[in-house]
Amino acid sequence: MKFKPIYLYGILVVAIVALLIFVNIQETSDLAEVPVSDDQTMPEDDVHKQLKNSGGNAPGKENVSEEYGKRMSELKDAVDKNPTDTLAMRNYADFLSASHKMNEAIPYYEKILSINPKRTDIYFSLALIYYNKQDLVKCEEVNNKVLSFDPKNQMALYNLGAIAATQGKTDKAKEFWNKVISINSKSQTSKLAQESLGKLSN
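Going by this note's numbering, the first residue of the sequence shown is number 5, and it counts up by one from there.
Worth flagging that the hints you see were computed from the coordinates, not collected in a lab. Careful, some of the hints might be misleading.
To be verified - Mimicking SDA-like on lysine to any residue, the simulated pairs with C-alpha atoms at most 20 angstroms apart in a straight line are:
hint : residue 1 : residue 2
1    : K176      : L201
2    : K142      : R123
3    : K105      : N136
4    : K115      : K176
5    : K183      : T170
6    : K122      : K149
7    : K105      : R75
8    : K105      : Q138
9    : K105      : K122
10   : K137      : T170
Claimed, not checked - Pairwise CB distance ranges (calculated):
hint : residue 1 : residue 2 : range
11   : R75       : F153      : 18 to 24 angstroms
12   : L91       : E199      : 29 to 35 angstroms
13   : G202      : D154      : 37 to 43 angstroms
14   : I187      : K85       : 38 to 44 angstroms
15   : E108      : V141      : 43 to 49 angstroms
16   : S205      : K80       : 45 to 51 angstroms
Ideal Cβ placement from N, Cα and C applies to all residues, glycine included.
Work out the full structure, taking the sequences as your base and the hints as a guide.
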């Protein structure tokens, strides 16, 4: 069973097409819903926007590489100048992840968690990475970590249901999604759980 992804994002849009929802929650809880379609429209994130110019034509390879390298260097320098700045680390890790350098992003996310072990946004960023790497064990672990200090976190519960659904464990998926709905039937995550339950019934 495949599920169309919807990402809620913080500082950067991680423009990666996956099979389930993973959520990056800002500490301010100011969320934006970004549906991911199946078309080939270029994403508007920091990585891909450099591929457009005012005339609508892709710039030369050299220009793209220069802008990309400059941005990467700026973000890395910000981390190097203040190794305990979790915002700088988050910006750099997000950029690495969006640039498909997921293995390089992981240590920065983990370092943030060593400073603040209750950052749900970071756990969800890691969950997305592990899912895309098809490491469902790790993916489950980070969602369960969120539930260890926030047992009613709807996003983590939804994610576990989506993992179960992709593994063909429909009864387990239904159990997680019904729990999401029981916590708050009017939330966006609850609506998504209801839609996903409908797909399982089809």
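Going down the list of hints, with the structure as the test:
Restraint check: the Cα-Cα separation between K176 and L201 comes to about 11 angstroms, which is no more than 20 angstroms; the hinted pair holds. Taking the CA atoms of K142 and R123, the gap is about 17 angstroms. The hint holds against a cut of 20 angstroms. A threshold of 20 angstroms between alpha carbons decides the hint, and for K105 with N136 the separation of about 12 angstroms falls inside it, so the pair holds. Our distance criterion of 20 angstroms between C-alpha atoms is broken by K115 and K176, whose separation comes to about 32 angstroms.
Between K183 and T170 the alpha-carbon distance is near 18 angstroms, which keeps this suggested pair within the 20 angstroms criterion. Annotation: proposed proximity of K122 to K149 holds, straight-line Cα distance about 9 angstroms (limit 20 angstroms). For the hint linking K105 to R75, the alpha-carbon distance of about 15 angstroms falls within 20 angstroms, and the restraint holds. The straight-line distance between the Cα atoms of K105 and Q138 is roughly 15 angstroms, inside the 20 angstroms bound, and the hint therefore holds.
Straight-line distance between C-alpha atoms of K105 and K122 comes to about 24 angstroms, which puts the hinted pair past the 20 angstroms bound. The hinted pair formed by K137 and T170 meets the criterion: a straight-line CA distance of about 14 angstroms does not exceed 20 angstroms. Checked against the given bound of 18 to 24 angstroms, the beta carbons of R75 and F153, roughly 34 angstroms apart, lie outside it. At roughly 34 angstroms, the beta carbons of L91 and E199 sit within the given window of 29 to 35 angstroms.
The hinted window of 37 to 43 angstroms between G202 and D154 is violated, with their beta carbons roughly 27 angstroms apart. Remark: the range hint 38 to 44 angstroms for I187 to K85 is upheld by a beta-carbon distance near 42 angstroms. The hinted window of 43 to 49 angstroms between E108 and V141 is violated, with their beta carbons roughly 21 angstroms apart. At about 48 angstroms, the CB distance of S205 to K80 agrees with the hint of 45 to 51 angstroms.
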